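Chain A is fixed; fit chain B onto it per the hints.
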Amino acid sequence: MNEILTVEHISKAYGNKVALNDVSFRVHEGTIMGLLGPNGAGKTTLIRIINQIYIADSGKVYFNGKPISIDDVIRFGYLPEERGLYKKMKVGEQALYLSQLKGLSRKQALRELKYWFEKFEITSWWNKKVEELSKGMQQKVQFIISVLHKPSVLIFDEPFSGFDPINANLIKDELLAMKKNGVTIMLSTHNMASVEELCDEIVLINASKNVLSGDVKQIKQQFKEHIYEIVFKGFINYVDLANRHQYEILEHRQDNEHHIIKLRLLDTSIKTNTLIEALLSVGEITSFRELLPSMDEIFIKVVKQTNQEDK
Amino acid sequence: MKKIRIIIAREYITRVRKKSFILMTIIGPILMAALFIVPVWISTLEDNEVKKIAVVDSSRLFIHLLPETEKIKFDYLTNISLLQAEKLIGTNNYYAVLYIPSIVLSTPIVTLSSPKQPSLQLRMHILSALKSQIESFKLIKNNIDPEVIQSVKTDVKVSVVKLNDDGTREVKSSDLQMILGFIGGLLIYFFIFLYGSQVMRGVIEEKSNRIVEVILSSVKPFQLMMGKIIGIALVGLTQFVLWAFLTFSLVTTLSAILLKNTTIVEQQIAAQSIMQKQSTVDMKAEKNFDFNELSAVFDTIKLIDFGVMIFSFLFYFIFGYLMYSALFAAIGGAVDNEADTQQFMLPITIPLILSIVLMSNITTNPEGPIAFWFSMIPLTSPVVMMMRIPFGVPWIEVFISGILLILTFIFTTWLAGKIYKTGILLYGKKVTYKDLYQWIKNK
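Protein chains in written order, with the working numbering: chain A, 4 to 314; chain B, 160 to 602.
Next comes chain B alone, as it looks inside the complex:
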């Protein structure tokens, strides 16, 4: 045991001191924090200007009928041609000119001319405004009261209530859980690949350096292999903890600095817009329903058990990594250089990639048969189960999948030990699957 400790210490210290590790540890959180902060920050920066749009309406149907927002205002020009209006853009400080031809009802094509590239948001606003106006004109033309249509339109919202075995009720918002599932699954996938291949490269390095036999005169091959695997696992955990900690502190400090004045305002706007939407869409809805959507999100955040999330992340990360890295170590032991690893890498990478491919299927249907079975199969369970955990998984399923994973980890380690032991001192031979089978069979 003492020797494994010495090996673990070397694997850990040499890697943690590497420039690439330090660089990754610093850059990772900056990138992640940027991912959180920048879009919010940018959205607070842009569109503070009010865009004034000149409307040349030859049909004379839309005058003062286009809905305005805080940032989009319409100025209706009459008795003026499109060309004349376009010349006014500079003098009257228009953002664009909207030309509505007289035949718009039969041929609904309008022109938006602007010296700038109009934003998608603006175009969408104009499009939906014109669309709904033209539709209601057509309804009137056919003697249908637009009010009737409006009241017929129904926006159905499903508020999911989870009934627990103990009789309590939980309100769920699956968007947030989906995001957490994505992040958890991707992180496990990323860590297994990154650190698993580090194990493989480390083994190949020792083999091609010819240091391995020197070390094997002091320790058993299995000790060397396990020492390397555990040492690198600790590097991975260190990196993860540093990332989580640094990202969290970066996001909180940056958002405090950059978004100090806007967050409260923005929250209010968000709340208002939801209220507006609700009231215009469904006048008959209960008044207190307006706040349900927002509070549901906060409720879910409170309801997601982050303790369980972190515990299961660590469990599936550690055992998923151990299971895979034993296989990676076996490959490293069997080949002479990295170029030869390809043929053996394929069967290992397929289940990992498969679990990423199935990601959207699993997060949209976390209790379906695909999600269930792939969270049981040990080669895919670390990633897939991690996607399911935020939605709440019966503990018996987690338990069985965990036991299966541990058993498979023991099996792959045993298997890898056999291959590693034989392969590690074999040079200059192109190893085939048949050879590997022979090595496993040998006592």
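Chain A with its partners taken away, still in its complex shape:
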């Protein structure tokens, strides 16, 4: 896959406060990349550097292999975390103004706005003042403005904040549709569920450093703890279950006639088939699956771990 954005050794400090310390990663074309990190880790600074709003103290950003220029950035779709609209201006007029600033002609902008306003069923808002809209409604307008000029790269900082689940899903569907059309999306969010749902790759920034980056599936494999959940139906043989040395039992629950058992393999060289064979004598297995860690768990683990290392 083509590397559309390459971030190399970016560092940035505000006075004595280090915001980014030698951060490198790459974004592949046509993927969704999640930019994760606790509050104050330096995500917004990083996004602003990619957008050429801030200049890095050292390091470079490349777009399609060439050093990124302001003209590249202006063609991006950018939804900043701190976003708003002119309160006293009418929705339509404002959308027209902002899309003309993105370089669209008035005619093009009107055509695109009509398409999106109809798609989101908000045509009736055109002549309303922004202050009459709710926060979620304003976010919808902002989303439209950021994608109106058909950018090849989208950079979204917390795109789902302020949306109800229905509208959040609407936006998610739009993002997936755009990805299908080859758009590259960089997503900064604290919503781990949406990361699992949408992202192909992640970069986790903690305390101004890149502490974890790569493919989401591989990362999950990398952090797996060999925990399995097995469900037995009816009677189970406790002696047989307990009398093993390959694993330890983490949890045993009974749900009506089902026994749900969570266990961790102690010897990771054991194949799953061997494990299943060993468990056949315990009872009737109705379900067997490996439990992979959630992004939430990985996030917390990595952040805690790196914080301790720093101390």
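Check before you lean on any hint, since a few could be wrong.
Distance condition first, Cα-Cα at most 27 Å in a straight line; then the derived DSS-like pairs of lysine-lysine [what the hints assert, rightly or not]:
hint, chain 1, residue 1, chain 2, residue 2
1, A, 90, B, 162
2, A, 90, B, 600
3, A, 153, A, 122
4, B, 600, A, 20
5, B, 230, B, 290
6, B, 588, A, 20
7, A, 110, A, 131
8, B, 162, A, 117
9, A, 236, A, 212
10, A, 131, B, 178
11, B, 246, B, 232
12, A, 90, B, 297
13, A, 93, B, 379
14, A, 138, B, 232
15, A, 20, B, 379
16, B, 178, A, 93
17, A, 117, A, 90
18, A, 131, B, 162
19, A, 91, B, 162
20, A, 212, B, 178
21, B, 161, A, 153
22, A, 63, A, 153
23, A, 63, B, 577
24, A, 90, B, 178
25, A, 265, A, 223
26, A, 132, B, 162
27, B, 162, A, 110
28, A, 110, B, 379
29, B, 600, A, 63
30, B, 177, A, 138
31, A, 20, A, 304
32, B, 177, A, 131
Source of the hints: derived by calculation from the structure; they are not laboratory data.
All figures in this text were calculated on a predicted structure; none of them were measured in a lab.
Just chain B, lined up with the frame of chain A:
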């Protein structure tokens, strides 16, 4: 450039469409026209009645000696007490009773009793009439001929003639130039403050709305700042042109309607009174001098180059505004809300207020050192130079002051760009002067 144009258009259109702008545009000329018209109009309305004053002169010194005017007549009552005279006010249609006690020469206190509040004009007339009479009585008493005193009194008039380099002579009347200087200076001061603070509020609005980062994904901070400054400058110019045009047409139409019959008469009266004054004061003056004063005023109006006035007004307005509004934009970018602007506003407002404080000094001595230096210093030159222009300023001084102003404008814009760029995306931090210095130093 195209993007700056889009920003300018938005700043301009949203402001010009505001109700407050339309209201100001209409009310401003009405107020200004009223300022011109109403005093003249009122003066034509009042005092058409003739005021008859009953004089009870116990001293018997002033009978038929008090000078009368068209509107003040004296009726001398003899053998009557003050109380009796006061009772006659209603029946004889007197405006007031003037009582002169017999000891007036030693104790010059007189009484003016009236059911109405006598006007200042009337009191001044009586005061000066009595004063000059009593003085001449005293002169006679001391064997001095009042005629001698009268002929000794001299009213000196300085007719200023300006000698130009090309050898031509101009007669100047500085009153009119003073007024023009005042108006020009005040207008520039007013416009810089009004529109400069609009720039600041606009920047704060974008910052607190959180729209600024959305816009900065499409344009550079400097483009956004300049677009706003230029857009608002155009609003100011529009307002000024509309005001000038509307005020002019209002004054001409209103004066045509309200003062149709009086203006010619009044001009005649004015001319007459000047002639009278001249002839009584100085019998030996040349006859044609009488008209000099009036014609001098008209001469000056003709001599003041309104082309130069308007051109320099526009120049000092535009560059003074640009220089200051860049600073206002920087303040707006550095703070989170209007309440925080105070500490940074002070150094900007001081030079502006100083130039207004110095106004009377400058218009009375337009070529003195204060006027010269403050019309060179760029922070005060827009207002101060505008006060000096009607008096005629050597072109080299205007040129140097203009160049200095343009250079300072470039400097403040550069400075403001630096502060604005850093401050505009910074929230929730109380900014100090030390921070500003750091931002300017950063590359």
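How the hints compare with the structure:
no.: 1; hint: A:90 / B:162; result: holds, 22 Å
no.: 2; hint: A:90 / B:600; result: violated, 35 Å
no.: 3; hint: A:153 / A:122; result: holds, 15 Å
no.: 4; hint: B:600 / A:20; result: holds, 17 Å
no.: 5; hint: B:230 / B:290; result: holds, 20 Å
no.: 6; hint: B:588 / A:20; result: holds, 14 Å
no.: 7; hint: A:110 / A:131; result: holds, 21 Å
no.: 8; hint: B:162 / A:117; result: holds, 23 Å
no.: 9; hint: A:236 / A:212; result: violated, 48 Å
no.: 10; hint: A:131 / B:178; result: holds, 18 Å
no.: 11; hint: B:246 / B:232; result: holds, 19 Å
no.: 12; hint: A:90 / B:297; result: violated, 80 Å
no.: 13; hint: A:93 / B:379; result: holds, 24 Å
no.: 14; hint: A:138 / B:232; result: violated, 79 Å
no.: 15; hint: A:20 / B:379; result: holds, 25 Å
no.: 16; hint: B:178 / A:93; result: holds, 16 Å
no.: 17; hint: A:117 / A:90; result: holds, 21 Å
no.: 18; hint: A:131 / B:162; result: holds, 25 Å
no.: 19; hint: A:91 / B:162; result: holds, 22 Å
no.: 20; hint: A:212 / B:178; result: violated, 52 Å
no.: 21; hint: B:161 / A:153; result: holds, 20 Å
no.: 22; hint: A:63 / A:153; result: holds, 26 Å
no.: 23; hint: A:63 / B:577; result: holds, 23 Å
no.: 24; hint: A:90 / B:178; result: holds, 16 Å
no.: 25; hint: A:265 / A:223; result: holds, 18 Å
no.: 26; hint: A:132 / B:162; result: holds, 24 Å
no.: 27; hint: B:162 / A:110; result: holds, 16 Å
no.: 28; hint: A:110 / B:379; result: holds, 24 Å
no.: 29; hint: B:600 / A:63; result: holds, 23 Å
no.: 30; hint: B:177 / A:138; result: holds, 25 Å
no.: 31; hint: A:20 / A:304; result: holds, 25 Å
no.: 32; hint: B:177 / A:131; result: holds, 16 Å
Against the hints set out earlier in the document, violations occur for numbers 2, 9, 12, 14 and 20.
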